[in-house]
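Student: Residue-level listing of the chains:
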Amino acid sequence: MSRGTLALCAAGLLAAILYPLVVRGLAGAGVGVSANYLINVGMLVFFVAFIGQSWNIAGGFAGQTSFGHVVFFGTGAYCSTILHVTHGWNPWLAWPVATAAGALVGWAIGALAFRAGLKGSYFALITLAFAEVFRILANSVEFTRGGLGMLIKADQRPENFQFRDPMWIYYLALALCVVSLAIAWQLTRGRFGARLVAIRENEDAARALGIDVYTEKVKVLALSGAMCAAGGTFYAQKYLYIDPSIAFGVDKSVEMLLVSMVGGAGTVFGPLVGSLVLTAINEGTRSLASVVPALKNVQPLSLIVYGAMLILIVARLPDGLMGLFGRRKSGKRHDA
Amino acid sequence: MLEVRGLSKAFGGLKAVDDATLDVRQGEIVALIGPNGAGKTTLFAAIAGFHTPDAGRVTLEGHDITGLAPHRICAAGMVRTFQITQPFAKIDVRENVMVGAWLRTGERAEAMRRAEAVARQVGMGDQLDQLGADLTVAGRKRLELARALATGPKLLLLDEVMAGLNPTEIAEIVDVIRAIRDSGVTILLIEHVMQAVTSLAEQVYVLNQGRMISHGTPAEIAADPAVVEAYLGHGAAARLARGAAHA
Ligand SMILES: Nc1ncnc2c1ncn2[C@@H]1O[C@H](COP(=O)(O)OP(=O)(O)OP(=O)(O)O)[C@@H](O)[C@H]1O
Ligand SMILES: [Mg+2]
Chain A
117 MSRGTLALCA
127 AGLLAAILYP
137 LVVRGLAGAG
147 VGVSANYLIN
157 VGMLVFFVAF
167 IGQSWNIAGG
177 FAGQTSFGHV
187 VFFGTGAYCS
197 TILHVTHGWN
207 PWLAWPVATA
217 AGALVGWAIG
227 ALAFRAGLKG
237 SYFALITLAF
247 AEVFRILANS
257 VEFTRGGLGM
267 LIKADQRPEN
277 FQFRDPMWIY
287 YLALALCVVS
297 LAIAWQLTRG
307 RFGARLVAIR
317 ENEDAARALG
327 IDVYTEKVKV
337 LALSGAMCAA
347 GGTFYAQKYL
357 YIDPSIAFGV
367 DKSVEMLLVS
377 MVGGAGTVFG
387 PLVGSLVLTA
397 INEGTRSLAS
407 VVPALKNVQP
417 LSLIVYGAML
427 ILIVARLPDG
437 LMGLFGRRKS
447 GKRHDA
Chain B
3 MLEVRGLSKA
13 FGGLKAVDDA
23 TLDVRQGEIV
33 ALIGPNGAGK
43 TTLFAAIAGF
53 HTPDAGRVTL
63 EGHDITGLAP
73 HRICAAGMVR
83 TFQITQPFAK
93 IDVRENVMVG
103 AWLRTGERAE
113 AMRRAEAVAR
123 QVGMGDQLDQ
133 LGADLTVAGR
143 KRLELARALA
153 TGPKLLLLDE
163 VMAGLNPTEI
173 AEIVDVIRAI
183 RDSGVTILLI
193 EHVMQAVTSL
203 AEQVYVLNQG
213 RMISHGTPAE
223 IAADPAVVEA
233 YLGHGAAARL
243 ARGAAHA
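The listed protein sequences correspond, in order, to chains A and B. Residue numbers for the first sequence follow this note's numbering, so the first one is 117 and each next one is one higher. Residue numbers for the second sequence follow this note's numbering, so the first one is 3 and each next one is one higher.
Keep in mind the hints are simulated off the structure, nothing from the lab. Each hint should be verified, as a subset may be incorrect.
For each label pair, taking beta carbons as the anchor points, the in silico distance ranges come out as [claimed, not checked]:
#1 B:131 - A:302: 19 to 25 angstroms
#2 B:173 - A:224: 53 to 59 angstroms
#3 A:430 - B:13: 35 to 41 angstroms
#4 B:59 - A:235: 29 to 35 angstroms
#5 B:91 - A:212: 37 to 43 angstroms
#6 A:119 - B:174: 23 to 29 angstroms
#7 A:305 - B:27: 52 to 58 angstroms
#8 A:258 - B:66: 50 to 56 angstroms
Being a predicted model, the structure only gives us computed values, none of them experimental. Beta carbons are placed, not taken as given, at the ideal position from N, Cα and C, and that holds for glycine.
Kindly generate the complete structure, drawing on both the sequences and the hints.
Tutor: Structure, rendered in structure tokens:
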């Protein structure tokens, strides 16, 4: 990393760490903001950036676009929740197991789809199909409690992966986001990432140059699935409730894809930038609707802005917002 | 080093390669020539694992590699380039070549050092930061060569790396290829540019309509009536001979 980028990262991280303290300070000083609301919004930014990065690693770096990434998210959410609620596991212990389950599902879907030679939109559609199958299964089998969903008993103790103070869940989301950035950054430096990019750019050339395309693709989907599943557990522990359409619904898949594409697929900071922008739009339109009476009934205002934005980006900025900073900002640097 | 025995590959009813046999000895430059559509690229693809042969055997240094996956064949020391160049478009030349170099090292610094050395060797030393998509035809051809060379091969299969180049560029790449051979890499190349074939190759194989119709030194090939006919049409050799007798 260059000095400038490094300094920028350090400054960003410091700001993120100080953010809850600052908004609390402001609220304490009588500025009219709700500190917990703002901390919650910040938590969402990092959480969505994290699951977005899980999509980005497979979809952006390796070019294996998925429409059904939520299949991993839901796997993680259900796995830890079942272990915790039904079998009495501590959720912290269930977390790594759920993460491993995500890796396993990624590996299995990858093995099936890539062995069958599915690429491009065929692969995207098969992931969507898997997500739907999982949703229907979760709806109909006993051990997920079907459509009723699963409620996690509120018991706000840190050792129980529940926090009374939203600041701590904010810091946990921040930590996840930092880990995912580190993974993505490592991909821009190492052999595995170079192979993924080669596969994305041209599979035949990659094979000719000694890359085992099938194995690398399965590996990246397992990694991506593990990360996404970890996000699923996080979500379940934050909201203490999941049901099939939350855990396996298409919205989350779209959200992951959207933040990556808007921010810049295949770049280290793309999902974070995309998540910041989309969360800002979301919260901005929501508060606008609450102060401008004429907009009160335009409920899906944020969706309209999203849509317009996506059209603009697809048409004018194929590399996402990160493209605005020039292609070298994607973390590709040549200092060894 | 490379032995191809009785290799056949058909697409539907079309016998693109029909019972082809070929030998490449260590340290040689061997050329494979033939008219358009003769099956040269198909033969390369079958040797390198991109097509499974319908019949025949391919051995590399005594090991049977028939039908192995391309990445295994590459790891075993044989690598092909593509006639229709396949650059990684959105990454630069250095990163393109590094993809090849990563085959033999897990160290970033080493992969980069190797990639830059190979790029310089093929004359791309000052294009390292250019995107794959931004290269000219000559640049893309060189990139094919550089990426393949970066995998550290014992045997290099080059598919028309001179097509579309001007005479100066051809002269440069001929020197590059000779230097690669002198550094210990054996080379099998498909080429239409005859002047390059005669100046580079010790052995020439001629493929026509899927069949190996001739092989020998460049001089022997040029004198073979079957080869002249393959290129100029049936009866051409006889016509040429008659023309020569009249003159
Ligand atoms: N994948 C394929 N499917 C069907 N037919 C093919 C395929 N690849 C090649 N062919 C056919 O096989 C024959 C041999 O093609 P090939 O590309 O091997 O010829 P070539 O000698 O390399 O020609 P050129 O000098 O034009 O590159 C041609 O008739 C071609 O149309
Ligand atoms: Mg050809």
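Student: Hint by hint, note whether the structure agrees.
Tutor: Going down the list of hints, with the structure as the test:
| no. | hint | verdict |
| --- | --- | --- |
| 1 | B:131 - A:302: 19 to 25 angstroms | holds (22 angstroms) |
| 2 | B:173 - A:224: 53 to 59 angstroms | holds (55 angstroms) |
| 3 | A:430 - B:13: 35 to 41 angstroms | holds (38 angstroms) |
| 4 | B:59 - A:235: 29 to 35 angstroms | holds (31 angstroms) |
| 5 | B:91 - A:212: 37 to 43 angstroms | holds (39 angstroms) |
| 6 | A:119 - B:174: 23 to 29 angstroms | violated (39 angstroms) |
| 7 | A:305 - B:27: 52 to 58 angstroms | violated (41 angstroms) |
| 8 | A:258 - B:66: 50 to 56 angstroms | holds (54 angstroms) |
Violated hints for the displayed structure, listed by number in ascending order: 6, 7.
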